[in-house]
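Using the hints, position chain U against chain Z.
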Amino acid sequence: MSIENSFQNVKKLILPYLEDDSLADSIEMDSDFIKDLKINSVHIVDFVIDLENAYDIVVDDDTLSKLSTVREVIDILEARKPVI
Amino acid sequence: MRRVVVTGLGVLAPNGRNVDDFLDSLQTGKSGIRYLEKLKELKFRCHVAGIPEMDESVLKHFFSDAAFQNIVSLSIKYGCIATQEALLDANLPINPEETDWDMGCVYGHCIGDFLAMKEMITHVDAGRCRNMGSKFTSQAMNSGPAAMLTQLFGPGSRVITNSSACSTGTESILMAYELIKSGKALRMIAGSAESANEYTWGGFDSMRVLSAKYNDQPEQATRPLSASSCGFAPGSGAATLILEELESAQARGAKIYCEIKGGDYNSGGQRNGGSMTAPNVEGVQRCIKNTLDDANIKPQDIDLISGHLTATFADKIEVNNWVSALGLGQSDFPHINSMKSMTGHCVGAAGSIESVGAILQMQHSFIHPSLNCEDLNPEIADMIDPECIPHHRIDKALNTVISANFGFGDVNSCIVFQKI
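Those sequence lines, one after another, are chains Z and U. Numbering of the first sequence is given in my numbering, commencing with residue 1 and proceeding in unit increments. Numbering of the second sequence is given in my numbering, commencing with residue 85 and proceeding in unit increments.
Looking at chain Z on its own, in the form it has when it is part of the complex:
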C-alpha cells in the first residue's frame, strides 16, 4: 500500500473526531492533531484505538504519548511493513 493510500485511510479514521467539519479538507501530512485539527487528547486516544483495530497493530504508550502529527501515524504504518 502506498503512502498516499495510507494517508487517505488515516484521514478517514480522523474524520469522526473533527469537531469542526470544515477542517476535513485541511488534513495534511504535517497537520498537528491538537493545534491544526482541534482534536482533544482524549479523542486522539480514541483515534489510535480505531487505528489499532483497522490495521491489527498495537501502538505502545510511549509512541502514543508523543504522537502529534498525521505523518507520525503514517510512519507507524510504514514501519510495520515487512521488508521484502
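These are computed hints drawn from the structure, not numbers from a lab. Possibly wrong hints are sitting among the right ones.
[As the list claims (entries may be wrong)] If we take Cβ atoms under 7 Å as the criterion, some of the chain U residues that face chain Z in the derived model are:
(1) Ser148
(2) Ala150
(3) Asn215
(4) Gly217
(5) Ser218
(6) His448
Keep in mind the model is a prediction, meaning the values are calculated, not measured. Quick reminder that beta carbons are idealized off the backbone N, C-alpha and C, glycines included.
Okay, now just chain U, sitting in the frame of chain Z:
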C-alpha cells in the same frame, strides 16, 4: 425576594416527539404505550413500555457529528434533544462561543444508563478494556446527561445531577428554582432524563410492580386510579424547562409561561410506614403542606392536581394524602389527573415531563383526560367526587396547578405553577 419564571419548554415523551406533538397527545388523550416483543422474548411479565420516537437529526442543525460520536446512552440523547428545544423556545443561544456564567443546570437522572454500562461490562469481561478509549466512561456516569448538556450549551454556574428515584424530575426543577431564588444564577436548565432499556425495567418487572395483564392491549396497560390497575407501564424520555429570574426574563423580552410559586422536597425518613419502597404518609402530607406555604396559596386556589398516580396500590394512598394535606374532600376537591395513563412511568424523567404537561394544560386552558379509569377505584370514589377525575378533555382556564412525585427511598417532591 427573586421570583422565578418558566421561559422555555422541551420534551421527548413516549407520546410526544416535541412540545407541539406532546400537547396534541395530551389534548386528544393519545397513549404512548406500545407492545415490545423483546420483553416477551426475555420472559418479562410485562410486554409493554413507553419509548419516545427520537429524531436525532434535529441536533445536527447546531452540532457536528463528532459531538455525538459513539454516544449509546439514550438518556443523554433524550436530554440533549429536549434541552435544545427548550433553549430555542426560550430564544436563548444554542452552542454559544462563550461560557454563560449566569446560567446553571440541574439535570436529573435516576438510573445510570445501562446501555453505556453494558458496553463497559462487555468490553472488560471480554478482555478488551483497552478498546474502550473515552467512548463509554462519561456516558456511564450518572451525571452523563448534565455533562453532555454542559458541553453543548455552556452553562457556567452550578451544574448538578440530582438523583432521587421517581421524585428526580420535580426535584431538579425545585433545585434550579432555589438556585435562582438565592441569587446563584439568573437562568437555569432544569429537567431530567431516563433511558429506555430492558435492564432498567427488569428490576421493576421482578418486583411485580409492572403491568402484566394488558400485554395484548398496550394502550390499556397503564390504569391509574382504576379498580383494575395492576402496575405501571415503564416509560422513558426527557423534559427540560428553562427557568429565569423574572426581571432578567422581562428585560430581554422573554415569553413567560408561568411562575414557579413554590415547592418542597423532603423525606419521610423511612419511618412510620415509610420504607425503601413505600412512603411515610406524614412525610408526603408535610411535603404538600410545605409546598402550599412556600407558594403562599390556599388549597382552594388549586385548579388542578397533576398526581404522581402510577397505577399501583399506592394510588388510593396518594389520593388520601392529597385529601388530608389539603383539607378538601367530596364537595370541594379540585380536578386530578395522571399523565402516566398516557406516558407510563418515566421514572427519573417523570417529574419533568409531567411539569411540562402541567404548564401546557395551564397555557392552553384544558385538563387532559386520565385514561383507563372508567372503573374508578371505589376507595378513591369514597374520598373524592368522581367528577374530579376527567375521562375526556375538559376545556377550562387554569390559574394554579400543583404537581407531585414520590419515589423509592421515601422521597417526595411537590411544586406549584401559577399564571403570571
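Taking the hints in turn, this is what the structure says about them:
1. A distance limit of 7 Å between C-beta atoms decides the matter here; for U:Ser148 the minimum to chain Z is near 5 Å, and the interface restraint holds.
2. Proximity of U:Ala150 to chain Z holds as hinted, the smallest CB-CB distance being about 5 Å (cut-off 7 Å).
3. Because the closest C-beta pair between U:Asn215 and chain Z is about 6 Å apart, less than 7 Å, the hint holds.
4. Interface hint at U:Gly217: satisfied, since its Cβ lies 4 Å from the closest Cβ of chain Z, which is below the 7 Å cut-off.
5. The interface hint given for U:Ser218 holds, since its Cβ lies 4 Å from the closest Cβ of chain Z, which is under the 7 Å cut-off.
6. The restraint placing U:His448 at the interface with chain Z is violated, with a minimum CB-CB distance near 40 Å, outside the 7 Å limit.
The structure does not agree with numbered hint 6 stated previously, though it agrees with all others.
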